[in-house]
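Trainee: Residues per chain are reported as follows:
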Amino acid sequence: MPEKTRGWGGRFRLLGLLTAAVFLGSFLVGRYAVPLGKTAGILAASLAELFTGGKYTVAPYWTAAERAVVLNIRLPRICAAALVGAGLSAAGVSYQGMFRNPMVSPDLLGASTGAGFGAALAILLSFGYFGITLAAFLGGLAAVLLAWLVSRASRLDTTLAMVLAGVMVGSLFSSGTSIIKLAADTENQLPAITYWLMGSLSSVGARDVRFAAWPILLGLVPLLLLRWRMNLLTLSEAEARSMGVDTKRLRGAVVFCATLMTAASVSISGMIGWVGLVIPHFARLIFGYDYRRLLPASALMGAAFLMLVDDLARVLTTSEIPLGVLTSFVGAPLFLYLMMTGGGERGD
Amino acid sequence: MAIEVRDLSFSYGGQPVLRDVSFAAGPGELVAVLGPNGAGKSTLFRCMLGFLRPQAGGTYVNEKDVFSYGRRALAAELAYIPQSGSPAFNYTVLDAVLMGSTGRLGSFSSPGRAETEKAMRVLESLGIEKLAHRGCRKCSGGERQLMLLARALVQDARILLMDEPTASLDYGNAFRVMERIEALGRAGYTVFFSTHEPNQAFRYASRVLALQNGGVAAEGAPGEVLTPEVLSGLYGVRVAVRRVEAGGREYAVCVPCAGEDG
Chain U
1 MPEKTRGWGG
11 RFRLLGLLTA
21 AVFLGSFLVG
31 RYAVPLGKTA
41 GILAASLAEL
51 FTGGKYTVAP
61 YWTAAERAVV
71 LNIRLPRICA
81 AALVGAGLSA
91 AGVSYQGMFR
101 NPMVSPDLLG
111 ASTGAGFGAA
121 LAILLSFGYF
131 GITLAAFLGG
141 LAAVLLAWLV
151 SRASRLDTTL
161 AMVLAGVMVG
171 SLFSSGTSII
181 KLAADTENQL
191 PAITYWLMGS
201 LSSVGARDVR
211 FAAWPILLGL
221 VPLLLLRWRM
231 NLLTLSEAEA
241 RSMGVDTKRL
251 RGAVVFCATL
261 MTAASVSISG
271 MIGWVGLVIP
281 HFARLIFGYD
291 YRRLLPASAL
301 MGAAFLMLVD
311 DLARVLTTSE
321 IPLGVLTSFV
331 GAPLFLYLMM
341 TGGGERGD
Chain S
1 MAIEVRDLSF
11 SYGGQPVLRD
21 VSFAAGPGEL
31 VAVLGPNGAG
41 KSTLFRCMLG
51 FLRPQAGGTY
61 VNEKDVFSYG
71 RRALAAELAY
81 IPQSGSPAFN
91 YTVLDAVLMG
101 STGRLGSFSS
111 PGRAETEKAM
121 RVLESLGIEK
131 LAHRGCRKCS
141 GGERQLMLLA
151 RALVQDARIL
161 LMDEPTASLD
171 YGNAFRVMER
181 IEALGRAGYT
191 VFFSTHEPNQ
201 AFRYASRVLA
211 LQNGGVAAEG
221 APGEVLTPEV
231 LSGLYGVRVA
241 VRRVEAGGRE
251 YAVCVPCAGE
261 DG
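Protein chains in written order, with the working numbering: chain U, 1 to 348; chain S, 1 to 262.
The shape of chain S in the complex, shown without the other chains:
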């Protein structure tokens, strides 16, 4: 297993936020993290990244506790991709992506030719090499999300934690970003992405982790564990799950229904 969370419990000021969360994911797995607002998705990511120290249990990367890693060593294993807000400074896309290489450089060094070439290769692989010298504030939300993805790839980590990668993206951009994420899974990366759209879990995820009130409500293959009952329980609305065929593949999709719960 590339990453494993064991019996993790975290409370903030006596208020439990996560309770006995356990799961594991290996190379090539795409894990969707579902759950209503306040279910503990962000806190879970922060614990996995070693920013928050859980009161019980822990996160193990390659069988080693994340807290036994140094900052740089952990950065070589685990990358974090935040939501793409509007940045305060208008860095060029290339400069922003180059920042991902910082963990491999000495404190007083700057990225050189090798790092720049690598960053350009990654930009090409994501199809955004034309943006290299554009200011990131001039980029669309989808382009910025791909830029952050490129930065994580430059970091050379094999496990990616993505905080709502498609939040505030339009339909087309959300699709394009998710297609890239799926390709990363095929390339052997372990990707966690939190999302408010269960259909993304059906369509892309190999596994799903549904959190509710800090506990695991469901965990496993999306088609098996995301039943109408589980989804209704998560979001408090009646949900129907149907199977559809598109582009030669069959997917499950869910739609909220009006009317009584259940």
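With the rest of the complex left out, here is chain U:
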């Protein structure tokens, strides 16, 4: 069949290998140098312990500090980058199809502004680190829920109503964040809020990864299962319905899953722009428009991209650059380049 001759399998294998290489390579990046041999040893030893229930152990040829850096700092951080990158990209590509607009990003419905508000409120109320993450997650969900309820009450066409409601709710929540900033004490809280809003993975621990992994996977797996049907959401409502698709239910499921992923991602990383917008474009260039390939490709490319950018954030300067700032610095020129070369138009 022609599908086979187009070499998608090869491209996916290459992307998979690349993502795995970035994942492993990221362990070697950082201020505190841990040599390759030791890093590999630490990882292999902990894997062996995990799978044999502690029966096999490797005699350590590394220090406790090196082990702590690799397992307690780098491992959760790299996993978080991969999860957030995959989550934001998959959410972005889903929203884009649903709103039939390739310029849509995952915060269109207010998920990230809501999360920012939740986090700012939690910082103002002096919640602990985990409380901030939880508040951000709930804030993101609340914003989209509100936008959805408003759009349901409106008499406008569903898609347009959702976009307008999302913009409105997003602006409400960002005004709320501004008020909280005014009220926050300028010594500790205001810088913490500002830093959170810029987006960073520098203080991510294993607990955050465990917290965010479930909602991100809970969102990603149904989308992967529904990925063929997501193609039909790019058509008009009438076309999709006449082909036997329950568009209302499908749209609801996609919004729910994509929002879950966005809110969970943002809750541990803070605001990270551009990933959900730029990565789907690159994925389309290489894998085409069909969501059967586009969705998994976006998730993998997003994971690899954010791990790479986070590596840069760790080593570029002595004091760490916030990841959210760096994704814009990397993402915006890439996007401009795409526009200039007309890369958005694929087709033989």
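Derived by calculation from the structure, the hints in this document are not laboratory data.
Mixed in with the good hints there might be a few duds.
A few chain S residues that face chain U, going by a derived Cβ cut-off under 7 Å, partial list only [what the hints assert, rightly or not]:
(1) Gly-28
(2) Arg-71
(3) Arg-72
(4) Tyr-80
(5) Met-99
(6) Thr-102
(7) Gly-103
(8) Phe-108
(9) Ala-174
Calculated Cβ distances over 10 Å to all of chain S for the following chain U residues [what the hints assert, rightly or not]:
(10) Arg-11
(11) Arg-67
(12) Ala-142
(13) Ser-175
(14) Tyr-195
(15) Leu-235
(16) Met-243
(17) Ser-328
(18) Leu-338
(19) Met-340
(20) Thr-341
Beta-carbon label-pair distances, calculated as ranges [unchecked claim]:
(21) Leu-285(U) x Tyr-171(S): 53 to 63 Å
(22) Ile-286(U) x Tyr-171(S): 38 to 48 Å
(23) Val-221(U) x Glu-117(S): 26 to 36 Å
As the structure is a computational prediction, the values presented were derived from the model and not from experiment.
The C-beta atom is built at its ideal place from N, Cα and C for all residues, glycine as well.
Position chain S against the provided structure of chain U, taking the given hints into account.
Mentor: Frame of chain U; chain S shown alone:
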């Protein structure tokens, strides 16, 4: 009768759009739906597809009300072919056509080898198999219209509702698309096509349904019911109907004339 509309009335916000519309069509019939802008052609299609619930009367496919069908069951009987606008995403023609098979697949399934082979056969039957891997935004309007037709055929429905299939196509492309539609009629499909060109009704349709102000202005064989008076009434211009012979067949054609009405 494959499809029957009985005493259908629909109003939107108290404003009547369709009044007591009744007609029926069987297998192999090509029905042209004529009428000036705003006569209710699109609303009629939307009622027939079960998107709008009429206040009175209804649409019956194989003697069953369309609202008693599930979405998928109705998709197996009735396909809708919209006007070919410019799509937001540049799917390949094959992927776009494969979307027609979605109603037969489980919610979590994707089209496989059998669906792909079927889609390729349909593309071949319409003579556009060479376009299979081309992005649909790179196709001409006529090619895209044939692609949408292929998608409807992949859907396996026997009744096709086409919303102005030749709108914004050039003369040659419009002709080629209409020839394909005529072939579908010969193959036993029931085809409804709305059009602003009465000559297409004369040339291709076995029956015509002329709508005006939401009511049926004329219904029947085009040569019998599309009189100069009916056409003048529909479009508000004076129309002359002549018979011409071309390619060994005789057709009626109409031309608008300048001058006084009537």
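Trainee: Next, verify each hint and record whether it holds.
Mentor: Do the hints match the structure? See the list:
1. Below 7 Å, beta-carbon pairs count as interface contacts, and Gly-28(S) has none with chain U, the closest being about 22 Å; its hint is therefore violated.
2. Contact between Arg-71(S) and chain U, as hinted, is supported at the beta carbon level, the nearest pair being about 5 Å apart and thus within 7 Å.
3. Because the beta carbon of Arg-72(S) sits about 4 Å from the nearest beta carbon in chain U, less than 7 Å, this interface hint is met.
4. Restraint check, Tyr-80(S) versus chain U: the minimum CB separation of about 4 Å is within 7 Å; hint holds.
5. Of the supplied interface hints, the one on Met-99(S) holds, with its beta-carbon coming within about 6 Å of a beta-carbon of chain U, less than 7 Å.
6. Checking Thr-102(S) against chain U by beta carbon gives a least distance of about 5 Å; that is within 7 Å, so the hint holds.
7. Interface hint at Gly-103(S): satisfied, since its Cβ lies 3 Å from the closest Cβ of chain U, which is below the 7 Å cut-off.
8. For Phe-108(S), the shortest C-beta to C-beta distance to chain U is roughly 4 Å, which falls under 7 Å, so the interface hint holds.
9. Restraint check, Ala-174(S) versus chain U: the minimum CB separation of about 22 Å is more than 7 Å; hint violated.
10. Consistency note on Arg-11(U): stated as away from chain S, and its beta-carbon is indeed over 10 Å from all of that chain's, at 15 Å minimum.
11. The Cβ of Arg-67(U) lies farther than 10 Å from every Cβ of chain S, with a closest approach of about 43 Å, so its non-interface assignment holds.
12. For Ala-142(U), the shortest C-beta to C-beta distance to chain S comes to about 29 Å, beyond the 10 Å cut-off, and the non-interface label holds.
13. Chain S leaves Ser-175(U) outside its interface by the beta-carbon criterion, the shortest separation being 32 Å against a cut-off of 10 Å.
14. No beta-carbon of chain S is positioned within 10 Å of the beta-carbon of Tyr-195(U); the least distance is around 38 Å.
15. Interface exclusion of Leu-235(U) from chain S breaks down, the closest Cβ pair being 7 Å apart, not more than 10 Å.
16. For Met-243(U), the requirement that its beta carbon stay farther than 10 Å from each beta carbon of chain S is not met, with the minimum near 5 Å.
17. With a least CB separation of 25 Å from chain S, Ser-328(U) remains clear of the 10 Å interface cut-off, as annotated.
18. With a cut of 10 Å on Cβ distances, Leu-338(U) stays outside the contact zone with chain S, its closest approach being about 14 Å.
19. Against chain S, the non-interface label of Met-340(U) holds: every CB pair exceeds 10 Å, the least being about 19 Å.
20. The Cβ of Thr-341(U) sits about 16 Å from the closest Cβ of chain S, beyond the 10 Å cut-off, so the non-interface label holds.
21. Judged by the Cβ atoms, the range 53 to 63 Å given for Leu-285(U) and Tyr-171(S) is violated: they are separated by roughly 37 Å.
22. The hint said 38 to 48 Å for the Cβ distance between Ile-286(U) and Tyr-171(S), and at roughly 40 Å that hint holds.
23. For the pair Val-221(U) and Glu-117(S), the supplied restraint of 26 to 36 Å holds, since their beta-carbon distance comes to about 30 Å.
Hint violations for this structure: numbers 1, 9, 15, 16 and 21, all remaining hints satisfied.
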